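Asks: Single-letter residue listing:
Number of protein chains: 2
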Amino acid sequence: MEMPIPNAAIVSRKPALVAKLRAAIGAQGVIDAPEEVKAYECDALAAYRCPPLVAVLPSSTQEVAQVLRICHEMGVPVVPRGAGTSLAGGSLPTADSVILGVARMRDVLEVDYPNRTIKVQTGITNLAVTGEVEGDGFFYAPDPSSQLACAIAGNIAMNSGGAHCLKYGVTTNNLLGVTMVLPDGEIVEIGGAHMDASGLDLLGVICGSEGQLGLVTEATLRILPKPEGARPVLIGFDSNEVAGTCVSDIIKSGLIPVAIEFMDRPCIRATEDFAKAGYPDCEALLIIEVEGSEAEIDDQLARIVKIAKQHNPVEIRESTSAEESARIWLGRKSAFGAMGQLGDYMCLDGTIPVGELPYVLKRIAALASEYGLRVGNVFHAGDGNMHPLILYNANKEGDLEKCEALGADILRLCVDVGGCLTGEHGVGIEKRDLMTHQYTLDDLEAQMNVKDVFDPAWILNPAKVFPLATSASRRGQL
Amino acid sequence: MEMPIPNAAIVSRKPALVAKLRAAIGAQGVIDAPEEVKAYECDALAAYRCPPLVAVLPSSTQEVAQVLRICHEMGVPVVPRGAGTSLAGGSLPTADSVILGVARMRDVLEVDYPNRTIKVQTGITNLAVTGEVEGDGFFYAPDPSSQLACAIAGNIAMNSGGAHCLKYGVTTNNLLGVTMVLPDGEIVEIGGAHMDASGLDLLGVICGSEGQLGLVTEATLRILPKPEGARPVLIGFDSNEVAGTCVSDIIKSGLIPVAIEFMDRPCIRATEDFAKAGYPDCEALLIIEVEGSEAEIDDQLARIVKIAKQHNPVEIRESTSAEESARIWLGRKSAFGAMGQLGDYMCLDGTIPVGELPYVLKRIAALASEYGLRVGNVFHAGDGNMHPLILYNANKEGDLEKCEALGADILRLCVDVGGCLTGEHGVGIEKRDLMTHQYTLDDLEAQMNVKDVFDPAWILNPAKVFPLATSASRRGQL
Numbered sequence: 001m002e003m004p005i006p007n008a009a010i011v012s013r014k015p016a017l018v019a020k021l022r023a024a025i026g027a028q029g030v031i032d033a034p035e036e037v038k039a040y041e042c043d044a045l046a047a048y049r050c051p052p053l054v055a056v057l058p059s060s061t062q063e064v065a066q067v068l069r070i071c072h073e074m075g076v077p078v079v080p081r082g083a084g085t086s087l088a089g090g091s092l093p094t095a096d097s098v099i100l101g102v103a104r105m106r107d108v109l110e111v112d113y114p115n116r117t118i119k120v121q122t123g124i125t126n127l128a129v130t131g132e133v134e135g136d137g138f139f140y141a142p143d144p145s146s147q148l149a150c151a152i153a154g155n156i157a158m159n160s161g162g163a164h165c166l167k168y169g170v171t172t173n174n175l176l177g178v179t180m181v182l183p184d185g186e187i188v189e190i191g192g193a194h195m196d197a198s199g200l201d202l203l204g205v206i207c208g209s210e211g212q213l214g215l216v217t218e219a220t221l222r223i224l225p226k227p228e229g230a231r232p233v234l235i236g237f238d239s240n241e242v243a244g245t246c247v248s249d250i251i252k253s254g255l256i257p258v259a260i261e262f263m264d265r266p267c268i269r270a271t272e273d274f275a276k277a278g279y280p281d282c283e284a285l286l287i288i289e290v291e292g293s294e295a296e297i298d299d300q301l302a303r304i305v306k307i308a309k310q311h312n313p314v315e316i317r318e319s320t321s322a323e324e325s326a327r328i329w330l331g332r333k334s335a336f337g338a339m340g341q342l343g344d345y346m347c348l349d350g351t352i353p354v355g356e357l358p359y360v361l362k363r364i365a366a367l368a369s370e371y372g373l374r375v376g377n378v379f380h381a382g383d384g385n386m387h388p389l390i391l392y393n394a395n396k397e398g399d400l401e402k403c404e405a406l407g408a409d410i411l412r413l414c415v416d417v418g419g420c421l422t423g424e425h426g427v428g429i430e431k432r433d434l435m436t437h438q439y440t441l442d443d444l445e446a447q448m449n450v451k452d453v454f455d456p457a458w459i460l461n462p463a464k465v466f467p468l469a470t471s472a473s474r475r476g477q478l
Numbered sequence: 001m002e003m004p005i006p007n008a009a010i011v012s013r014k015p016a017l018v019a020k021l022r023a024a025i026g027a028q029g030v031i032d033a034p035e036e037v038k039a040y041e042c043d044a045l046a047a048y049r050c051p052p053l054v055a056v057l058p059s060s061t062q063e064v065a066q067v068l069r070i071c072h073e074m075g076v077p078v079v080p081r082g083a084g085t086s087l088a089g090g091s092l093p094t095a096d097s098v099i100l101g102v103a104r105m106r107d108v109l110e111v112d113y114p115n116r117t118i119k120v121q122t123g124i125t126n127l128a129v130t131g132e133v134e135g136d137g138f139f140y141a142p143d144p145s146s147q148l149a150c151a152i153a154g155n156i157a158m159n160s161g162g163a164h165c166l167k168y169g170v171t172t173n174n175l176l177g178v179t180m181v182l183p184d185g186e187i188v189e190i191g192g193a194h195m196d197a198s199g200l201d202l203l204g205v206i207c208g209s210e211g212q213l214g215l216v217t218e219a220t221l222r223i224l225p226k227p228e229g230a231r232p233v234l235i236g237f238d239s240n241e242v243a244g245t246c247v248s249d250i251i252k253s254g255l256i257p258v259a260i261e262f263m264d265r266p267c268i269r270a271t272e273d274f275a276k277a278g279y280p281d282c283e284a285l286l287i288i289e290v291e292g293s294e295a296e297i298d299d300q301l302a303r304i305v306k307i308a309k310q311h312n313p314v315e316i317r318e319s320t321s322a323e324e325s326a327r328i329w330l331g332r333k334s335a336f337g338a339m340g341q342l343g344d345y346m347c348l349d350g351t352i353p354v355g356e357l358p359y360v361l362k363r364i365a366a367l368a369s370e371y372g373l374r375v376g377n378v379f380h381a382g383d384g385n386m387h388p389l390i391l392y393n394a395n396k397e398g399d400l401e402k403c404e405a406l407g408a409d410i411l412r413l414c415v416d417v418g419g420c421l422t423g424e425h426g427v428g429i430e431k432r433d434l435m436t437h438q439y440t441l442d443d444l445e446a447q448m449n450v451k452d453v454f455d456p457a458w459i460l461n462p463a464k465v466f467p468l469a470t471s472a473s474r475r476g477q478l
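For the protein sequence lines, the chains are F and X, in the order given.
Each residue of the first sequence is one higher than the one before, starting from 1 at the first, in our numbering.
Each residue of the second sequence is one higher than the one before, starting from 1 at the first, in our numbering.
Just so you know, these hints were derived from the structure itself, not from any lab.
Treat each hint with caution, since some may be false.
The list treats identical chains as interchangeable, and a pair is accepted whether it falls inside one copy or across any two copies.
When the alpha-carbon atoms are kept at most 27 Å apart in a straight line, the in silico DSSO-like pairs for lysine-lysine are as follows [to be verified]:
1) K309 to K226
2) K306 to K119
3) K119 to K38
4) K252 to K119
5) K252 to K306
Since we're looking at a predicted model, the values are computed, not measured.
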């Protein structure tokens, strides 16, 4: 992946920069020793690495503002970092940048049950938000697979979803307001604990903007009452296409399960070897979860089973107890880890209209065979958010490049059927150069014009999202 | 309400403009006779009126693009108009503008049940969208009171909600993609039939942008399965504050009714005189509707009734049949018409955090008494979207001004408790000068910078949304 040449003038100013940062937020929040900044050289897309110039870990919005003001004055690029779980290289540093992590900002600022909101510092993990309110019967809906580790800051930056987002929506549907620091250090409040906003919906444009517009330091999130109960059914099929058609028929019928998860044979086998969840030996399986009262759960599962039976399933396993439910989910939740046992993998993140699922699965299989690589599919099928996992060997010459080329072909396929390059991982570094497949240069120009408004010096999260050639003249302003 | 002085140079170019428009889209789509353009001199905020220079009614996206290209070349402002039901003056013309109505663009372009979407031209009415799919068991969720008349174009421009949006969200939660014509005539596609989008979420910023950024001519909307059943309960209280506290307790409990509607005594009495729905004689009543299977409806209503009983209700009337349900809703649906019988009224549209409802109702009563005007409250209490109706006498000198001043005080109150100037009607002309109460000049500058990106010449929907003094230097570019 091509990166801009580090600005030597900025690098030479490191001692002065470090001194100013220490004076502003104290020595313990500023990391500059080369062996220590190495901890920030990559995120979960570990194929790309570059240590930053300096790492800073402020503990408040005010400190974030001071850091940004200093970097702005000195012309130093800033790379925001949540928990570093990005699979798209969203917080990959450049050698001339300050990485600004929110890991020390994990406070819960306010829980407001009458208005069903919680206000947090954005370094808090996704699961800790639910942890804060579950004793009172509430939860925070978006649930990325990485929810134990990932930070709300990253969830907002990438507009993350998760298995249960089919019913509850993704981050943008559960975010009410933010405190954000602009690149020049100004602190702004956008949205709040009320519905909608007057004027232009800047909250919408900020959610999913991948750290290109500002640093979100505090967030007001919607919390929801925990459902009375929930139960999954596991359904096995003898072909991917038939399983895809079944998903499409369930969605078409009007049912809204909380989750429809899809696993194909490579994933099922890897998972069985690893987690021994007792999954059937079949080509594809669906885990469909519904929730509500017992009567409602029974009714919805019966309707789903009726639809599934029209597609000759090889197995239908309806959960009747909490233990069975846990066993059904066990495999799915271990799938990424299990695939990791098989070798190195790249996890893609395209979205497609749900109706295109059977066709897209067929084309992915054909492409994988053309490239001679194995692809496992495990993903949120209900909302069309696919996560194909491409297996490769990092130690084999040329294998990463082949994997990247196949990944690009699969994402282009998503766009070609009316979908999109990313559902919840973001464009980051990974899909930057594919943006021209989805957007015309005029489209990208419009998006870059909006970035100009918030970050006129293009100082935030450099070299991401927009193809380098497209953003060259703007980045020249640094 | 102050308006900019019409540009005489533009007015003098009317004959050339009309000739060009006729050549482009045919004579039948171009209205220029003064007695005919008068039909477009106002929308539902009839207190403000100004006939446009010309009215055009194109029949396709291509024709809209041609009209905008001509106006752009000639420097003529363009005021977009849906069905003209705006209560905030969102489609009030200026004397030197072309009003561009989408009334002739009502085609359904595609219904896609597998992906649960419908694609329409935006001149179609809100209710006609549901009409198109209800035979197959689906509906379009946002349901403004004006849904029989209002166009999807206006719903998108104002991000409209409605009684049933507590459960299903407002327009922005049900809009998947748009075809939009930029002020210079360029046609762009934003979003699509898939979840989320890569890059900046421009669809979010367009929804609710009040015709400031472009003309949305086609829209892909989410359609939902009709619930099995729905039933309301009507609950009367002897004080507004207690009714407000009951709403707050229901929300806090975690229940999500489809609708929680609130009416106070002035509305109840007006409605009884007008529609004779048999409402109880009380200070405040709630109509709370739940939906689902019969068992689920019974369960939810029982829980709501249990909460309500803790607040000493004067009456609880649970519907047990379709006839009773219709009677309960009859009064609420006639409330605006009934208030109209009492005199002229201005309908406000502020939002507040739900927990502030009791306090805000008390303050509104105190303010109304200070001004010596009557205020009726009938609104979506569940999501904190208030619609106070101020009664006044248009024929009485100074009464409109007094009404406007009271309205402004009430909206400032909404902002002061953490809410917002508008929930679904938009800022338009009506709340333009209040924007500085909610936003700093820097906030407004950021919003105007975003408008610059889409409409650099500030040609679209002039003199709306932003205070005239704030936008003066930009509008000077015209």
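Asks: Give me the numbers of the hints this structure contradicts, sorted from smallest to largest.
Replies: 2, 3
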